[in-house]
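J.: Here is what each chain is made of, one letter per residue.
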Amino acid sequence: MLQRITLTAEFEALPKLAAWVEAQAGLDSRQAYAIQLCLEEVAVNLVMHGRPACGDPVQFTVTLETQPLRLTVEDDGIAFDPTEIPASAAAATLETASRGGLGLKLVNAFAKQRDYARLAGRNRLILRFA
Amino acid sequence: MDISFEQLASGVTVISLKGRMDVTGAMQIDVQFAAVAAANRAVVVDLAGVEFLASMGLRTLIMGAKSMHTKKGRMALWRPLPMVEEVLVTSGTTTLIPLAHDMAEAERLALG
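Line order of the protein sequences matches chains R and G. Going by my numbering, the first residue of the first sequence is number 235, and it counts up by one from there. Going by my numbering, the first residue of the second sequence is number 68, and it counts up by one from there.
Calculated from the structure, these hints are not laboratory results. Certain hints may be false.
[What the hints assert, rightly or not] Computed list of lysine to aspartate or glutamate pairs in EDC-like fashion (alpha-carbon distance at most 20 Å, straight line):
no.: 1; chain 1: R; residue 1: K250; chain 2: G; residue 2: E118
no.: 2; chain 1: G; residue 1: K85; chain 2: G; residue 2: E153
no.: 3; chain 1: R; residue 1: K346; chain 2: G; residue 2: E153
no.: 4; chain 1: G; residue 1: K138; chain 2: R; residue 2: E329
no.: 5; chain 1: R; residue 1: K250; chain 2: R; residue 2: E299
no.: 6; chain 1: G; residue 1: K85; chain 2: R; residue 2: E329
no.: 7; chain 1: R; residue 1: K346; chain 2: G; residue 2: E152
no.: 8; chain 1: G; residue 1: K85; chain 2: G; residue 2: D113
no.: 9; chain 1: G; residue 1: K139; chain 2: R; residue 2: E329
In this text the structure is predicted, and so the values were computed from the model without any measurement.
Just chain R, same shape as in the assembly (with noise of 0.2 Å):
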């Protein structure tokens, strides 16, 4: 199965996204969760950050494959490489939780391998699940 979406990276574009993800046939609760999740993260940071300081609005496509599962998100946003970042030390304290900084290593525990490469100006970044 490889199901295909396209998307222009802003607030409203994220129910639509979870909305596609649930209706995908075939995943198990967990699996879909992870999906969910993976994806949320990764879009929100598109939506906050992706866009070009004078550039039109992102586009992004999300492509789903099972056996193997796995998720490709393609955009067009300024260059990102997600793998790149440490994934930040969890606060130890109240007073010390900042705002941001989960999205990401929401996304390293719940896809067991993530790869990243720009493309002919273009973000591609997979994700694989078990």
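On the provided structure of chain R, position chain G as indicated by the hints.
T.: Chain G alone, transformed into the frame defined by chain R:
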């Protein structure tokens, strides 16, 4: 997503959340959650109705607990579903906000 509140005789305020705590859901309840957390000394967050939790939802919980902490208040998380609990544990959130599965324990944690 939905948010509701209940004040218990013990002095604990229970905040019940229901729905998907993704970026869209978190934005719907964020202001109300922050206001109720900031106005109370002991809060138990009932997560039984939360079917999905992502980092924006974690941020809502952590920022609420942080603002309570500055006023010597305490928050406890109560009865998340298994995948939601995995997100809470994996992200390190449960080291910041304690988690309980039974109400007596959640109340005890919130009252400190």
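J.: Assess, step by step, whether the Cα of R:K250 is no farther than 20 Å from the Cα of G:E118, and give holds or violated.
T.: holds (17 Å)
J.: Holds or violated: R:K250 and R:E299, Cα atoms, limit 20 Å.
T.: Holds, because 19 Å separates the two Cα atoms, which is no more than 20 Å.
J.: Is R:K346 close enough to G:E152, meaning Cα to Cα at most 20 Å?
T.: holds (19 Å)
J.: Check whether the Cα positions of G:K85 and G:D113 lie no farther apart than 20 Å.
T.: holds (9 Å)
J.: Check whether the Cα positions of G:K85 and R:E329 lie no farther apart than 20 Å.
T.: Cα-Cα ~28 Å, so violated.
J.: Just to be careful, I want the Cα atoms of G:K139 and R:E329 compared with a cutoff of 20 Å; is the pair within it?
T.: holds (12 Å)
J.: Please work out if G:K85 and G:E153 have their alpha carbons no farther apart than 20 Å.
T.: holds (18 Å)
J.: Run the distance test for G:K138 versus R:E329: straight-line Cα separation, threshold 20 Å.
T.: holds (12 Å)
J.: Keeping to a limit of 20 Å between CA atoms, is the pair of R:K346 and G:E153 held or broken?
T.: Satisfied, since the Cα-Cα distance of roughly 15 Å is no more than 20 Å.
Hint 6 from the earlier list is the only one contradicted by this structure; the remaining hints agree with it.
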